Amino acid sequence: MANKILVVDDAAFMRMMIKDILTKNGFEVVAEAADGAQALEKYKEFHPDLVTMDITMPEMDGITSLKEIKKINPNAKVIMCSAMGQQAMVIDAIQAGAKDFIVKPFQADRVIEAISKTLG
Numbered sequence: 005m006a007n008k009i010l011v012v013d014d015a016a017f018m019r020m021m022i023k024d025i026l027t028k029n030g031f032e033v034v035a036e037a038a039d040g041a042q043a044l045e046k047y048k049e050f051h052p053d054l055v056t057m058d059i060t061m062p063e064m065d066g067i068t069s070l071k072e073i074k075k076i077n078p079n080a081k082v083i084m085c086s087a088m089g090q091q092a093m094v095i096d097a098i099q100a101g102a103k104d105f106i107v108k109p110f111q112a113d114r115v116i117e118a119i120s121k122t123l124g
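Heads up: the sequence shown begins at 5 in the working numbering, then just goes up one per residue.
Derived Cβ-Cβ restraints for the label pairs, each shown as a range:
(1) Gly89 / Ala6: 28 to 38 Å
(2) Arg114 / Ala15: 16 to 26 Å
(3) Gln99 / Met64: 13 to 23 Å
(4) Ile76 / Glu32: 12 to 22 Å
FYI, nobody ran anything at the bench for these hints, they're computed from the structure.
Since we're looking at a predicted model, the values are computed, not measured.
No residue lacks a Cβ here, since even glycine has one placed at the ideal position from N, Cα and C.
Required output: the full structure, derived from the provided sequences and hints.
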């Protein structure tokens, strides 16, 4: 059975890029969300094996959403996606429980490596 993944990013084209990389590599994208609040709802609904989470989003940012997801499931696997120059936020995310992070623009091999490593 393919691993179920929730893709969270406020930019539709970024969600499309990640989804494309994942589906080509045998992962199943079960849902997408455009902000942290939507991510929480989708997480509760779909119980994905892994979440890719943008850091900077409207409504609720990725770090806040990560913390809320960790309250629901302390073992949740979340990989943060950040733009260059967001190192401080990446550190916050790792301290909040993120398993890894990938930097935009995405490189397919790095995305797959991070997800495969996180899923074990």
